[in-house]
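Construct all of the structure, not just a fragment, from the sequences and the given hints.
Residues -20 to -1, 1 to 512 (mature numbering (1 follows the signal peptide of the UniProt record, and there is no 0)) make up the sequence shown, in order.
These are calculated hints, taken from the structure and not from any lab test. Fair warning: there could be bad hints in the mix.
Here are the simulated DSBU-like cross-link-like pairs (lysine-lysine), alpha carbons at most 35 Å apart as the crow flies [stated by the list, open to error]:
hint	residue 1	residue 2
1	K478	K403
2	K194	K487
3	K356	K184
4	K184	K194
5	K466	K403
6	K466	K184
7	K352	K478
8	K194	K403
9	K184	K487
10	K478	K466
11	K194	K405
12	K466	K405
13	K478	K405
14	K478	K184
15	K403	K184
16	K403	K487
17	K487	K466
18	K478	K194
For each label pair, taking beta carbons as the anchor points, the in silico distance ranges come out as [unchecked claim]:
hint	residue 1	residue 2	range
19	P431	N326	33 to 43 Å
20	D119	G330	47 to 57 Å
21	G114	G357	22 to 32 Å
22	V346	A105	23 to 33 Å
These numbers come from a predicted model, not from an experiment. Glycine included, C-beta positions come from ideal geometry on N, C-alpha and C.
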Amino acid sequence: MARCLVFMVFQIYCLISTVGLPLEPAELLQLGGDVGSGRLSTDPADVLEASRDFGGFTRGEPLAVYHPSGAGDVAALVRAAYGSARDIRVSARGHGHSISGQAQVPGGVVVAMSRGGKSQPQARALPVYSPELGGHYVDVWGGELWIDVLNWTLSHGGLAPRSWTDYLYLSVGGTLSNAGISGQAFHHGPQISNVYELDVVTGKGEAVTCSEAKNPELFFGALGGLGQLGIITRARIALEPAPRKVRWIRALYSNFTEFTADQERLISQSQHGRRFDYVEGFVVAAEGLINNWRSSFFSPQNPVKLSSLKHHTGVLYCLEVTKNYDHDSTAGTVDQEVDALLGDLNFLPGTVFTTDLPYVDFLDRVHTAELKLRGKGMWEVPHPWLNLFVPASRIADFDRGVFRGILGSRTSGGPILIYPMNKHKWDPRSSVVTPDEEVFYLVAFLRSALPGAPESLEALARQNRQILDFCDDAGIGAKQYLPNHKSQPDWAAHFGEKRWARFAGLKAQFDPRAMLATGQGIFPPPPLLSDS
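As structure tokens, then:
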């Protein structure tokens, strides 16, 4: 199979070098679309799908889309490209949820790692208990969606991964190439801190198994490495017994200092027995709050009564926490624990609201909202998202300059998340960049440019630029999460001198032709196929 793929790519290169013109899709198809059990496609529908992403405002049309049947196919494709006389760009694509074209590869080949409900090309591995690790793990395909991992492990032992993202329809390899964070990260760390082992296809086409003990440079370099060192084809994910139910709680604040002090108090309880299992928060405008909350959190049987807020205008802050439990018979104990945890907090009186739901329903809550938005034609729109890590020492300055400054009371257009994490839960050997403080915040502007809305794509993009400029001018020390920088000097500044030198060295070692994940724009890309 691998020899067939190498020969096919060689034929393509020979044709191009002979005629000196770009290869037409029809010619590529004639050279052989089916290669072993993998498939190289120039079907317009495949190409169109691979040319766009969730961000919705960047397009990059590949020459072809490769559908692998396993890691061997991925390695064969990359090895053929690496050994060719001409340069060809290769980019792995999960479920297409990048924002700024990071997984796009104009004129190159996209490796379709996820395929809707068929994202697992091989038989799934069962969860395994490891006495050495002191817990369970499961090996999963890099293109597997986290929702499928969850359903699989729940049905085979009642287990679940420890750390999550808020949205589960993302690929394993995609989130591990960034970090993978949600409200559990303060205690368990990001998803990249809950991986025991990886299989990675490097930019040389070498399939390498790596872990903390074996090939650690590649292991930690690939975690948070933005796809620059290789394509993750397998990950060994840490598991824990899954709870059955969740007590989901929200409370409101008008005082930002009290809001962040309470959040930081709650994440400091990570090492103690009495703690919440999830801590997040978000920024809301007082105007329209009741309707927004009723639709997204409460049922008609559990109405929102916010009479205590009738005199509040402008910006409010919502604390969001959960407590896991197993059976209805333990709900009384949960009540006591929750009351004790909430007793020390300084939220506005009369603004605590709770609901109980199955654990899976809580984890999959964003998908529920997605289905509603799809039904209204409000999902497949541009998403000019901006995600920042802000050091805790400057979060009050960020509030004054952004939430109460640049944004004012204009917090519509989508959620604005804000919650703290503990840096000691992040392995410093990974490639992800965080602020140089023990506590830092995720601030995520998850906004949508809806047709006819006052918040146009251009207006939201301009506002994002204002926020970034404010951070630079005020010396906030923020770092972009899911970063999108426009020049290599900007990338070098993002990493910092030492980390940049290390990352660039790993790139030269594992992807010396700089042909992987060129959509990130970090390293100078090779010439396109059509270049002379």
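In rising order, the numbers of the hints this structure does not comply with: Going through the list in order, the structure violates hints 3, 7, 21 and respects the others.
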